[in-house]
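Respectively, the protein sequence lines represent chains A and B.
Quick note on this note's numbering: the first sequence kicks off at 1 and runs consecutively.
Quick note on this note's numbering: the second sequence kicks off at 1 and runs consecutively.
Hints are computed from structural coordinates only; laboratory data are not their basis.
Some hints here could point you the wrong way.
[Unchecked claim] Cut-off 27 Å, straight-line C-alpha distance, at most; resulting in silico cross-link-like pairs (DSS-like, lysine-lysine):
#, chain 1, residue 1, chain 2, residue 2
1, B, Lys518, B, Lys316
2, B, Lys91, A, Lys136
3, B, Lys518, B, Lys639
4, B, Lys112, B, Lys138
5, B, Lys91, B, Lys356
6, B, Lys99, B, Lys55
7, B, Lys55, B, Lys91
8, B, Lys748, A, Lys106
9, B, Lys748, A, Lys140
10, B, Lys235, B, Lys316
11, A, Lys137, B, Lys748
12, B, Lys91, B, Lys331
13, A, Lys136, A, Lys113
14, B, Lys55, B, Lys264
15, A, Lys113, B, Lys91
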Amino acid sequence: MIQFARTPVALLVFSTLLVYAGCASSPKQETSEAESVTPVVTALVTDAQASRQNEEYDQAAVQLERALRIEPRNAGLWHELAQVYFEQGSFDQAIQFATKSNTLTKDSELRTKNWRLMAQAYTQLGDSDRANEAEKKSLKE
Amino acid sequence: MASKKSRRRKNSGKKRSKSRSKRAKRGRFWIRRLALLAVVTLIGYAVYLDITVRKKFEGSRWAIPAHVYSRPLELYVGLKLTKPQLVQELKLLGYRNSKNASTPGSYTVTGKGVRIYVRSFDFWDGPSQAQLVDVGIKGNVVNGLSGIDRTPVGDLRLEPHLYGSISPGHHEDRSLVRLEDVPEPLINALLAIEDRNFFNHVGIDPRGLLRATLANISAGSVVQGGSTLTQQLVKNFYLSHERTLQRKLTEMMMAVLLEVHYDKDEILETYINEVYLGQSGNKAIHGFGLASFYYFGRPLNELKPAESALLVALVKGASYYNPFRSPDRAKQRRDLVLTKMAELGYLDDAVATAAKQAPLGVTRQGKWSKSDYPGYLDFVRLQLRRDYQEEDLRTEGLHIFTTLDPLIQRTLERSVSHRLATLEKSRKMKAGSLQAAALVVRTDNGEVVALVGDRRARFIGFNRALEAERQIGSLIKPAVYLAAIERGYSLASLVDDGPLVVEQQGAATWRPQNYDKKNHGSVRVLDALSYSYNIATIRLGLEVGVDKVANLLQRLGLSREIKPYPSLLLGAVNMTPVEMAQMYLGFASGGFRMPLRTTRSVLTQDMQPLARYPLSLEQAVSGEPISVLNFALQSVVRKGTAKGLNQRFPAELELAGKTGTTDRYRDSWFAGYAGNYLAVVWVGRDDNASTGLTGASGAMRIWSDVMAELPLQPVDLPIPEGVEFVEVDQYGLLARGCPGATLLPFVKGTIPQQKSPCAGGGTRASVSTPTKNWIEKLFDTSNK
């Protein structure tokens, strides 16, 4: 199943990461960041998404941490980890990883996703003030 | 009468014979009783032995120290790695350089890169199969990764390097192997020389004993032992080493009992893991699995027949036949093993003859010495002690996967020892008087990749990186400035660096001095940090509040209690290099606190995942102030106290860092980072005497020796939207387009309002001077 699914998912992941990476970091580095998206990172993200679907969150986190070691400034990877932690029920860490992702990107689509995830996580933590604040920020992006 | 008499006589004769037979009967009775008792005792003893035999065999058979591994080298296209570096890693892992890399654990250097037959390994996230891969390397970058049929390979990890174990002082160490992973020549060699009837006897082998005796008589010395493998196992496993008849009989009984309960394979496998095969420092090498690493640096299943034969040769006496110390003896015994193998048909004569020509092939001693990186291992232990009992770490055979990068670790060790020697020589100091501690950390995840706690890398003992609490001096200053920036100061704010007297309640009046003993008047915050002015820093810190600085240190991850005395502002507080790395990691990571990590995961003895230590983070400082601070720390390198680094590193790296020198040159510090690595170095003397070194002339030299060897990336922290770059002059006034103006980052809302005369503002005289008077009143300080 995973094997069949891998190619199209990989393409999707690859293009998304490319977009994220292109927007990451300061303007000086823009071009080199886009080039630095390596196939191994794409493969690891694909594997991580499969792990997530199987609810193997530790496994997914291991794969994403490996990807991050290769591309630490890829905001998309930090976002993926935030999602894993959210699904795993580690809402504090989900918020932190989404925050980190936001510090690395100016891409409004990704930033919106991060703020939404934070809003959901704060809701889960029962912090409605911060949830609302994050929700508002997601609309402003 | 006579008849009577005779009868009596008869009778008495009868009586006599009767009593004789009675006595005999009684004797027989006693003999029988004794025999019965003996039998019962013997049965009892046998039962006791039987319980003993089974008890030890059923439970966990050995206390095995936890084994500690480095990070796996992860290969991918785009990785910065040179051919020599890759070869160094392969050598470390015991890969053989062979012409066509035809078996796992071998490699060959080609024109385009390196062809590697990568070994299989069970990683936390799944097994990785052995595979033949071409790694293309051009210059210092991996530019291709493909299988034999040229299919691209995406995901490739070399196995991690096993570099140490966690254990008490004197102990046995072993690395368990399963029988199916033991190469056949090794088993054959073992049978040939030690017990050729192993698969046929019942634990004891009279024929073998006889044969050994005859062989020994004809040789004139003891060349063969008569004990079966089972007896040897019993001897090692259950019994003391005294040589008495009783012990020998016990050994034979136990051997038979062992054979009754367990099959040959199980006994053989246990023997293979039990047998003593060498001594490395205070560590006893047991079992063929670990011995293979110890003597050849490679796993057992990769040994050639001659190498297997050498290990088997050691069974008879690992010390006497030690191949490092007594290579001739070892070779003689190995060749005898090969001869026996050929005799019994396990090897072709030609093969055996060829094998005898082979050198012993043992690697330079030091492989699996006490530990390759004891300083680093201390930190691993310290961190694991939070979650594990020391006892479990010593006995459960856990596999601990750490973040150590052996290539960087070796670079750090070399840099520390060379540079200290050079400094001592050039400054005519007594050789060996300086000490140092240092660590290198990944800025993106807090993984500690290298650590040195003593200038002698193999030294086991006081670990300065973890335990030396030394004054941190100016290394504290970034925290003072960050606290100020968080409270609305900008890099263009002016601070007074004029003479200062601090009256402290219950303490002597404090008259802090600058390093150059001069005062610099009104200076910008940026310059006060870049040039490390003490007095300006104290004024700024007092304005902000010492408690705010102390609080910031805790937010950055320092857990020790910090008293908010004014002297804190000049770093009059003792901390370890590890704590300094924790603090600077907060700056390097863009304001995120991440615990320093040495361990990624722990697996059980049979490689099942047990615990994972994930990356975790928490924003400690928001993005705006941290990006402004980073600019200031880059300015320390660009033009300040660390500008010496520019001779060695290109400006594009935009390195950031801070020097630290304490009173009378007792401590020389440097903490600094590139985009991907942070390193902290301390140099000083154990007796706390003067070194004559500043942060720049001591620690920073080591720092630059190490960092120059690493594949550095530029410091490239994102600029948040709430930060704006504005041109200002040296007095902190807006100076767009003015000659000599500098472009500085400002948190929005802290941008100066007044313009420099050159930018159309009023004259400088009309510009207000800094806020020095009220602050001095507030803190009961006065101008001298």
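Hint by hint, here is what the structure shows:
{"no.": "1", "hint": "B:Lys518 to B:Lys316", "result": "75 Å, violated"}
{"no.": "2", "hint": "B:Lys91 to A:Lys136", "result": "56 Å, violated"}
{"no.": "3", "hint": "B:Lys518 to B:Lys639", "result": "19 Å, holds"}
{"no.": "4", "hint": "B:Lys112 to B:Lys138", "result": "7 Å, holds"}
{"no.": "5", "hint": "B:Lys91 to B:Lys356", "result": "25 Å, holds"}
{"no.": "6", "hint": "B:Lys99 to B:Lys55", "result": "50 Å, violated"}
{"no.": "7", "hint": "B:Lys55 to B:Lys91", "result": "42 Å, violated"}
{"no.": "8", "hint": "B:Lys748 to A:Lys106", "result": "18 Å, holds"}
{"no.": "9", "hint": "B:Lys748 to A:Lys140", "result": "19 Å, holds"}
{"no.": "10", "hint": "B:Lys235 to B:Lys316", "result": "14 Å, holds"}
{"no.": "11", "hint": "A:Lys137 to B:Lys748", "result": "19 Å, holds"}
{"no.": "12", "hint": "B:Lys91 to B:Lys331", "result": "24 Å, holds"}
{"no.": "13", "hint": "A:Lys136 to A:Lys113", "result": "12 Å, holds"}
{"no.": "14", "hint": "B:Lys55 to B:Lys264", "result": "18 Å, holds"}
{"no.": "15", "hint": "A:Lys113 to B:Lys91", "result": "46 Å, violated"}
Hint compliance for this structure: hints 1, 2, 6, 7, 15 are not met, and every other hint is.
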